[in-house]
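First to last, the sequence lines map onto chains Y and V. This note's numbering applies: residue 44 is where the first sequence begins, and numbers increase by one. This note's numbering applies: residue 14 is where the second sequence begins, and numbers increase by one.
Quick caveat, the hints were computed from the structure, so don't treat them as lab data. Note that beta-carbon positions come from the ideal geometry of N, C-alpha and C, so glycine has one too. Treat each hint with caution, since some may be false.
Stated by the list, open to error - Example chain Y residues on the side facing chain V (calculated, C-beta under 7 angstroms, incomplete):
hint: 1; residue: Arg73
hint: 2; residue: His152
hint: 3; residue: Phe155
hint: 4; residue: Asn202
hint: 5; residue: Asp205
hint: 6; residue: Cys209
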Amino acid sequence: MKKVPIYIIVAVITFAIGYNVNARYFSNRRPVQPIAFSHKIHAGDNDIPCLYCHIYANKSRVAGVPSVQRCMGCHKVIKTDSPKIQKLTHYWESGEPIPWIKVHNLPDHVYFTHKRHVKAGVECQSCHGDVEEMDVIARVASLKMGWCLRCHMNEEVKNGKDCWTCHK
Amino acid sequence: MPGIIDRLSKRLKAYRTPGYYKKYDYHWTMVVDLDKCNGCAACVVACHAENNLPTVGKDECGKSRAFNWIRIERYVEGEYPDVKVKFIPIMCQHCDKARCELGCPVYATYHNQDGLNVQVYNRCVGTYTCATYCPYDVRRFNWFTYKWDEPLDQQLNPDVSVREMGVMEKCTFCIQRIRVAKDKAKDEEREIKDGDVQPACVQSCPTGAMVFGDLNDPNSSVSKLAKSRRTYRLLEKYNTEPSVIYLKRVMDGSSKGHEERHHV
């Protein structure tokens with residue numbers, strides 16, 4: 044067997060390390076949010092339904108980032124001594140929205156509606172991953188067209204293959 | 014691998030064959046009553062506002078780069094005191110047997126299940142073939158990436174994408190409004206009723222000359238108007254079977270309808 048040149052091995056290892064570091068810390072899949080909000084505590088451990096906070100998911104195109112008021116509805120009394128909650132209280136008192144960083148971002152030429160998907164009985168987890176087990180929210184799906192078409196090529200999706208069903 | 018390509022090309026060929034659909038889910042049709050049209054061009058303005066069309070200005074129009082999905086053509090007969098003017102609004106005719114679909118090398122324009130001739134902007138590579146094939150001259154090409162000045166960019170419609178340089182575009186029958194109506198109808202678990210969908214031009218028409226609806230539904234207003242004796246379609250001799258139906262303007266003393274003299 045021929046020997047593999049050392050520089051190829053070094054290149055492969057460097058690429059692998061770089062790729063992982065990039066994916067973990069610098070990609071838009073897993074950004075650092077202004078408040079270290081944990082979906083695991085809320086949706087996982089305490090079983091709060093998704094629709095309690097993302098109230099528009101079954102009524103509108105967007106699922107809706109909850110308002111600070113919705114957070115404060117519980118956190119006026121729950122765990123007020125935690126530094127994270129004090130950060131939230133600061134936003135509440137100054138009357139500012141929390142500058143959450145969008146994780147699931149679709150390009151402008153895509154028409155996507157949460158309502159149709161939720162009403163068709165698609166589970167939130169089938170696109171967003173097991174959010175109830177995530178401490179830091181991360182995007183698991185590629186959100187590329189080929190990924191959408193895995194479901195849309197099925198006959199059950201009416202006009203699922205037509206370009207203008209999803210593009211605008 | 015060649016087997017896959019063969020199969021795929023066969024399917025695509027079947028797809029672009031005119032009359033691929035036996036029956037459309039909806040057959041969106043527009044009826045334009047030329048007796049009511051007074052050429053005010055409100056439809057042109059409404060179309061610009063709804064579909065994010067740029068206003069290119071006089072110089073560009075002079076270079077045959079005018080930008081409008083719907084235009085008003087004028088036909089003037091006679092001299093000043095005794096003058097007869099006829100107007101005809103012309104938009105994409107959404108032909109059932111569309112020429113443009115045959116020409117596109119990348120399948121960017123195709124017929125969908127609603128009888129609409131649609132253009133996929135992301136697929137378009139800008140060969141201009143469809144515009145040269147179109148007998149109605151309704152396709153418009155983005156020669157530049159047009160910009161909107163500071164306050165005007167706030168009025169862009171978020172339901173319609175802003176096209177870039179090198180992309181062909183045309184009237185869509187306001188497909189974004191059809192989509193909204195479908196969404197609403199699905200929530201209420203029914204089909205789209207007559208009058209649920211109104212493209213911007215139809216909505217803005219002050220005299221109600223334009224009517225939009227589903228030709229598959231025998232009780233819709235377009236189906237009733239399509240039975241009129243005045244109906245004709247543009248350049249019928251080319252057998253493109255347009256989805257836009259015109260109702261002839263009957264004028265006293267006018268020798269011919271302009272429809273017979275309509276050349277593009």
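Violations among the numbered hints, reported as their numbers in ascending order: 1, 3, 6
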